[in-house]
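Novice: Spelled out from the first residue to the last, the chains are:
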Amino acid sequence: MSGDNIKIKICMGPGGIAAGGNDVIEAFKGQLTNQRINASFGEQCSLHQVGCRGLCAKDVLVEIIIDGKETIYENINPEKVPRIVKEHILGDNPVKEWIAGEDYDNFKKKQIKVVLSHCGEIDPEDMNAYIEAGGYKAAHKALTSMSPSEIVETVKTSNLRGRGGAGFPTGLKWELGLRIKSDVKYVICNGDEGDPGAFMDRSVMEGDPHSVIEGMIICAKATESHKGYIYVRAEYPLAVKRLQQAIDQCLQKGYLGKNIFDTGFDFDIRIFQGAGAFVCGEATALMRSIEGKRGMPTPKLWRSAEKGLWEKPTVLNNVETFANIPKIILNGGDWFRNLGTERSGGTKVFSLTGNIKNSGLIEVPLGISLREIIYDIGGGIEGGRSLKAVQTGGPSGGCIPAALLDIEVDYESLAKVGSIMGSGGMVVLDETNCMVNTAKFFLEFTQAESCGKCTPCRIGTKRMLEILERITNGNGKEGDIELLEDLGSHIRATSLCGLGMTAPNPVLSTIRYFRDEYEAHIKDRKCPALVCRNLITYSIIEEECTGCGACKRACPVDSIRGVRKKPHKIDPELCVKCGTCFDVCKFKAILKA
Amino acid sequence: MKVEEIDVDEQIGEVGQILSEAEKKKGILIHVLQKIQEDNGYLPGDVLSNLSKKLYFPLSEIYSVASFYKQFHFKPRGKKIVKICMGTACYVRGAKEILNTVEERFNVKAGETTEDLAVTLETVGCIGCCGLAPVATVNDEVKGEISSKKLDRLIKFIKEE
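The listed protein sequences derive, respectively, from chains A and B.
Taken in order, the first sequence gives residues 1 to 593; the numbers are from my numbering.
Taken in order, the second sequence gives residues 1001 to 1161; the numbers are from my numbering.
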């Protein structure tokens, strides 16, 4: 497979596939055959699919390496392939105008890739590529020359904290897992990534499945466990396929199964495919789901490390946490600790989305400022609009206003300003986003995903949502804000699991920083960002209207009257506020307020 | 998968050695339901009754588990399954408008199937390609960056045989 002279790598992460990565691969295959490159270079030329490179906004990204010289192209489609093959591969003259520009360089500059170091570099379906890149060295080291307590100590030194969101120190969890004695123990990898706007774990599972498996093997050794599960979300079929492939390859090579590396150590991994329930990302609910029950959380009378799956000691970590482990074992705990801040070591992967120029997958050292992420890596806001807030932690997190952009990104600082680190979703909101509506969006999500077991979450989130609905519909009442705050603090204090405890966060944090927007909705019946339909009015600016009649023809409810070449008028009684007139007017004569 | 041919021990694998019979049967339930749905497109009532007899498990309990998870359906589904992404990134870029339009054009609400079983319309949390927001999928094929012009094309695509 490996070609030395010419390597073509095509980004086939979630973004790459959606942007047409498969067609690009086919186009390259076709061209390579047509131009007889396969025939003349043979083994020397190879085509690879690789995982996510991060800059999904510019997909499909294609990297061409000729005699070690790397060139990256952005926004490639099948039509562009023939010219690249002809001019670059055959003519050794790269197509300058398609080469990834400044955005791509800036995007990469402040990132440090630990978890994602292989994503976008190696073919995830090729185990040898992983091994060539240094893979399974750490597992070998851990199994052949380290004792379980030495591994635990290294992880403790590294200051690695759970990347699923809560940030529990991984080393401590493993230490407890090792200390508890039992005939059977489990290692579970939580791949039930469910936050809307988050795709970090997906990219790792699809782009570098072996790193997760290697991390689990090391964890199994450290906690003396012999059985593992990877719980993968139902919506990620490609992740299931790639992980299963990787497991099969490991079994064949003797890296999983009986007597791994001839050390006498046994470890098996099975994949459990989720069936679509957000709450199953919660550890106890996830374990109930594997047991074949309704995925509802149970009270944490014991830690999972004491009584977890089928009442046996269980160490459960997130995908990203496991993917960090091989690097920590190889490079040492101190190396990892020094990458981050005093209290949290290493790097964190974020999916940077929303109204930002360079949306995509990024990995940054903990302690970096939000400003650096948004402006240096993300390239700022689209269309020159101004930044309003950054939402972190998905439906469990909160909104951080633009004024606090200089805070460091780590578990404590984010919690202090009312948000959370969460699993790594980072959504950028600008002046065109309504904060009340955004809070409502997140609450709609958690309310629908609440499993219904405990009352505060089941009924409380529903009541909060009703209040938000009435506010955004223009029926808000005096005292609604205080009621939301009161309900929110009670739900936070009394819910059974993390879902309920964090569900009010988006509402409470937006009230904290954007109270004036809530007040504008309730008192003035206005939506300052012009998002909430019922609070917008459309009218025609007489001086600007040429009387062309475009809006009149487009209006679905005939609410616009007027004669040709004379200013028109909108009848507010009939207007359904669909905004069609605003979109069709070429003279900017429609006023949206 | 034929319900009659289910081998509980084979399905649960090695971990079965340490589980009771009841735990084992429960442990394979979700997997078996997924297989049944793969074959039929949904979970037909008669198959579930057979499963209940085969596993010696109350039917109510099977429904209790199956109805908890979004993935399982109890009614036949449309030929084209259209999912509009309501993830955060898509939402802030106008996913709601797309949903409204598709609902109107096919006269179907999110979560429902058209009477002729042509289209099932659903919303999803996030399908993980926020860089292309707003997105929708038609039978798992991703359609990204849906502008009003592209929306017309999407609707045409859904209508195609």
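Hints may contain errors.
To be verified - Quick list of the computed label-pair ranges, beta carbon to beta carbon:
1) B:F1157 x A:L591: 48 to 58 Å
2) B:Y1056 x A:D183: 50 to 60 Å
3) B:S1147 x A:I407: 33 to 43 Å
4) A:L591 x B:P1044: 50 to 60 Å
5) A:S147 x B:D1007: 16 to 26 Å
6) B:E1061 x A:G101: 56 to 66 Å
7) A:E26 x B:F1157: 12 to 22 Å
8) B:F1157 x A:V563: 56 to 66 Å
9) B:S1147 x A:S147: 58 to 68 Å
10) B:P1044 x A:E26: 37 to 47 Å
Hint data in this document are derived by calculation from the structure and do not stem from the laboratory.
Using N, Cα and C, we set each Cβ at its ideal position, and we do this for glycine too.
Novice: Decide, hint by hint, whether the structure agrees.
Specialist: Hint check:
1. Range check, F1157 (chain B) to L591 (chain A): about 36 Å between beta-carbon atoms, so the 48 to 58 Å window is missed.
2. For Y1056 (chain B) and D183 (chain A), the hinted distance range of 50 to 60 Å is not satisfied, since their beta carbons lie about 28 Å from each other.
3. At roughly 35 Å, the beta-carbon separation of S1147 (chain B) and I407 (chain A) lies within the given 33 to 43 Å, and the hint holds.
4. At roughly 56 Å, the beta carbons of L591 (chain A) and P1044 (chain B) sit within the given window of 50 to 60 Å.
5. At about 40 Å, the CB distance of S147 (chain A) to D1007 (chain B) disagrees with the hint of 16 to 26 Å.
6. Evaluation of the 56 to 66 Å hint for E1061 (chain B) and G101 (chain A) yields a pass: the beta carbon distance comes to about 59 Å.
7. Between E26 (chain A) and F1157 (chain B) the Cβ separation comes to about 20 Å, which falls inside the hinted range of 12 to 22 Å.
8. Between F1157 (chain B) and V563 (chain A) the CB atoms are about 41 Å apart, so this pair departs from the stated range of 56 to 66 Å.
9. A hinted range of 58 to 68 Å for the beta carbons of S1147 (chain B) and S147 (chain A) is consistent with their spacing of about 59 Å.
10. At about 38 Å, the beta-carbon gap between P1044 (chain B) and E26 (chain A) stays in the expected band of 37 to 47 Å.
When each numbered hint is compared with the structure, violations occur for hints 1, 2, 5, 8.
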